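> Read off the chains here:
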Amino acid sequence: MAVSPRLSPETMVSTLKRLPRRLLMSEYFIFYLCLALFAVLTPFIPVIASPYNLSNLLSNTWPLFAVAIGQTFVLIIAGIDLSQGAIISFTSVIGASLIATRVDPAVFGQSPIWGKLLFENGAILAHTPLGVPVALLAMILVGLTIGFINGAIIAFARIPAFMVTLVTQMFFAALAIYFVKSENIINLPKGFTNIGADSGLLSIPLVMTVLLAVGAQFVLSRTMFGRWLYSIGTNLRASVVSGVPQRKVIILTYMFSGFCAAFASIIYSSRMEMGRPTLGAPFLLDIVGGAVIGGSSLAGGKGKVIWTFFGVLFLSLLGNALSLLNVPFFWIEIVKGSVILLAALLDVTRTRILQYNA
Amino acid sequence: MHDFILQFCEINKSFFGVKVLKNVSVDIPRGHVVGLIGENGAGKSTLMNILGGVVPFDSGKMLLDGQEYAPQNPAEAARMGIAFIHQELNLFNNLSIAENFFISDFPKLGKTPFIDPNRMRRKAQEFLEQVNLNVSPDTKVEKLSPGERQLVEVAKALSQDARIIIFDEPTTSLTARETDRLFDLIERLKSEGKTIIYISHILRDVLRLADEIVVLRDGEVVKTGKKRAFNIQTMISSMVGRYLGTLYPERTSKPGNEIALEIRHLSKAGIIHDINFSLHKGEILGIFGLMGSGRSELAQIIFGLDTHDSGEIIVNGSPRNHRTPLKSIQQNIAFVTENRREEGLLMTSTVADNMGLVALPRYLMSFAGIIRQSPLVEAIRHTVSSLHIKVSDPFKDQAKGLSGGNQQKVVLGKWLLNSPSILIVDEPTRGVDVGAKYEIYSIINEIAAKGAAVLFISSELEELLGVCDRILVMGFGEILGIFTREEFNRERILQTAFREGGQ
Chain A
169 MAVSPRLSPE TMVSTLKRLP RRLLMSEYFI FYLCLALFAV LTPFIPVIAS
219 PYNLSNLLSN TWPLFAVAIG QTFVLIIAGI DLSQGAIISF TSVIGASLIA
269 TRVDPAVFGQ SPIWGKLLFE NGAILAHTPL GVPVALLAMI LVGLTIGFIN
319 GAIIAFARIP AFMVTLVTQM FFAALAIYFV KSENIINLPK GFTNIGADSG
369 LLSIPLVMTV LLAVGAQFVL SRTMFGRWLY SIGTNLRASV VSGVPQRKVI
419 ILTYMFSGFC AAFASIIYSS RMEMGRPTLG APFLLDIVGG AVIGGSSLAG
469 GKGKVIWTFF GVLFLSLLGN ALSLLNVPFF WIEIVKGSVI LLAALLDVTR
519 TRILQYNA
Chain B
693 MHDFILQFCE INKSFFGVKV LKNVSVDIPR GHVVGLIGEN GAGKSTLMNI
743 LGGVVPFDSG KMLLDGQEYA PQNPAEAARM GIAFIHQELN LFNNLSIAEN
793 FFISDFPKLG KTPFIDPNRM RRKAQEFLEQ VNLNVSPDTK VEKLSPGERQ
843 LVEVAKALSQ DARIIIFDEP TTSLTARETD RLFDLIERLK SEGKTIIYIS
893 HILRDVLRLA DEIVVLRDGE VVKTGKKRAF NIQTMISSMV GRYLGTLYPE
943 RTSKPGNEIA LEIRHLSKAG IIHDINFSLH KGEILGIFGL MGSGRSELAQ
993 IIFGLDTHDS GEIIVNGSPR NHRTPLKSIQ QNIAFVTENR REEGLLMTST
1043 VADNMGLVAL PRYLMSFAGI IRQSPLVEAI RHTVSSLHIK VSDPFKDQAK
1093 GLSGGNQQKV VLGKWLLNSP SILIVDEPTR GVDVGAKYEI YSIINEIAAK
1143 GAAVLFISSE LEELLGVCDR ILVMGFGEIL GIFTREEFNR ERILQTAFRE
1193 GGQ
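Sequences listed follow chains A and B, in order.
According to the working numbering, the first sequence is numbered sequentially starting from 169.
According to the working numbering, the second sequence is numbered sequentially starting from 693.
Keep in mind that a hint or two might mislead.
[Claimed, not checked] Which residues of chain A face chain B? A few of them, derived with a C-beta cut under 10 Å, are:
no. : residue
1   : Gly394
2   : Val408
3   : Lys472
4   : Ile474
[To be verified] From the derived model, a few chain A residues whose C-beta atoms are all more than 10 Å from chain B:
no. : residue
5   : Gly277
6   : Val335
7   : Phe339
8   : Pro357
9   : Met392
10  : Val409
11  : Val412
12  : Val507
13  : Leu510
14  : Leu514
[To be verified] Beyond 12 Å from chain A on every Cβ pair, some chain B residues (computed):
no. : residue
15  : Pro721
16  : Gly933
17  : Ser945
18  : Gln992
19  : Thr1016
20  : Glu1034
21  : Asn1046
22  : Gly1048
23  : Gln1065
24  : Lys1142
25  : Leu1157
To be clear, the hints were calculated from the coordinates, so they are not data collected in a lab.
Model, not experiment: these values are computed from the prediction.
For each residue, glycine too, the CB sits at the ideal point set by N, CA and C.
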């Protein structure tokens, strides 16, 4: 619609009337909502705008965003990956059990990896010059492997993704706990813990995650692989008829999802300075919720990296604000759950408006 | 009693400022079959949706049995005795026939909330008998053939005491035998005093069934009258608003001598048996067969969507037996399936994304599968305009917003971007209106003229006679005969397809 040079009162009124709907239909709607939430909360909890809090908020957001990028890819092909939390936990244990500099035999003596990976004077690769890079590589490879298992079962056995990833989630979450007998592996070398250490706003996690996000969005919008993801999510059968190698694409997508989880695990583990067997357990809701709030559809065929960023940011901001208000943990979860439901309602409303206008 | 069971008086309807019905006045006589014809977008569906209470009308009035009638919702229309038998059937496939009949009002055991299964079954049985369908009311709908489902829909309408039954393209997925059965049923319903509104693109059927014919064009009634006032030619010319001299474009090119595709002794147990033929470059080879003859299955095997047990598929001289769609595409084979909605299009994606899908590998940089945007965009624009696809912005508009004919052109365009040397089309004009049919034939003609070999599968013999160089007749999974253009003869081909005279 052309904008007239002179704004008459009527056009201004009609523009104002249309504003809520234009905001609702905008793909940046969630971002505006973040800004609105921030603006509303600042007078009540001024500390939310403090540099310390903001830096803390963002450093919580980066790894969550990284996993959610993988989830976004999976949602686009109309799948779901419930195993990401378990991959975070399992790779955290794997990484730490390769490079911990000291291991307490009283704690880990009963562990099945004692004497194989863990020794009294440190883990198997501790004190070796390439220990940390090898551990990082191992974490990534484990993530890719679990993703490959997910993808291969989904693509070849045609078992629903929900089922397959639920099972791998249970399996690897349990395996992580079994490996270390529920204990956290501490005493990780500086070379590892420096990755996630707070170093102002321009931290390593920020740079790494932004690079991942830009790369992922490029793949989605500019490559054949990206087009294939959307087409598989929109209509699998029509895609196969059009020559899309569905199995290859599905497997690669779940591998990418596993990669993103391992990537986030590196950031989380180094920030917490430990290998933690339950590290990923609390995140599943935030991961799927963030992607869905951003606008990816569980029905497939829809999703963008930037949308997911807004969704994750919104959830983090909400959680941050509520905890600053000293709201008890369980209330935060209840509110987050309701917000995800609202996001689903929003998606339905938008689709309805679009169809009505068609 | 009123002579006209239903009267539309000056009905107007607009969607978002676009007038889709303009002063439509139609009188429907009681106990007659009224054929409603018109191109896609002429307003047939809107008119019927108004009658069925799906959408309200803006102005005018409807009289049902002389009483003013303005249904607020489909349930009210159903209560008033109007049944709508849709193109895509509205049955619950996972429920039994009886449950489908009574889904909105189950017979109860006395005043309890519990279903009375015996009464339900008994009543369902009665309605099934009325449509001559000999299956148990406990049968799950998913076990029924498309034709049987259609009959179940009709029985359901009868169970709801319908006075007016609307059929919207009822025969698209029926075999010839099922179609005959449906037509017998329609005749019988008529003799029992029911009023039928019959919508179809198959003009021959309309001419056979209808007592009156109403022609809509661009939201207006352009012609109504007794059947005898119409023939196929006049029906078409009033639908499209101009005289179509020919239904089929002239074949301008001759088939070449080189063989593009050769099939030798191709078999798959229970599906096809010992199929042999060869397809030449520049040739349009028709495959005629009734539903269940194995024609679509043969195409799927050739394209690699299904496997075969024995025999050879030879593409451009070399045997290619282990097939997948991807390999077929790499050998420049294109396949327009009979199922546009499920297998042809990404309905909620844009026209451009649909058209780019197959040919993507041709528009890549050498590195990492990055798409070269501008040549792809250029190619899509070019194809949209050369195929005359009616879409305001191919890069924004979703495929599902297009008419059937334009959707089919999008599917054709998708394959054309990959410059096919062998094109297989399966029922390419199903659900497509007359004007667009001609365009689709022309497109196929042009592809053949450029040297591609075309395998044209259809259950409409007329169009095969109109566009093909040779026609292969299939039935019972076998090839029953081959006819060259000089031998084309409607009766003989049909006799061959039904195996009359042979066995």
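> Okay, which hints does this one fail, numbers in order?
3, 4, 9, 10, 11, 18, 19, 20, 21, 22, 23
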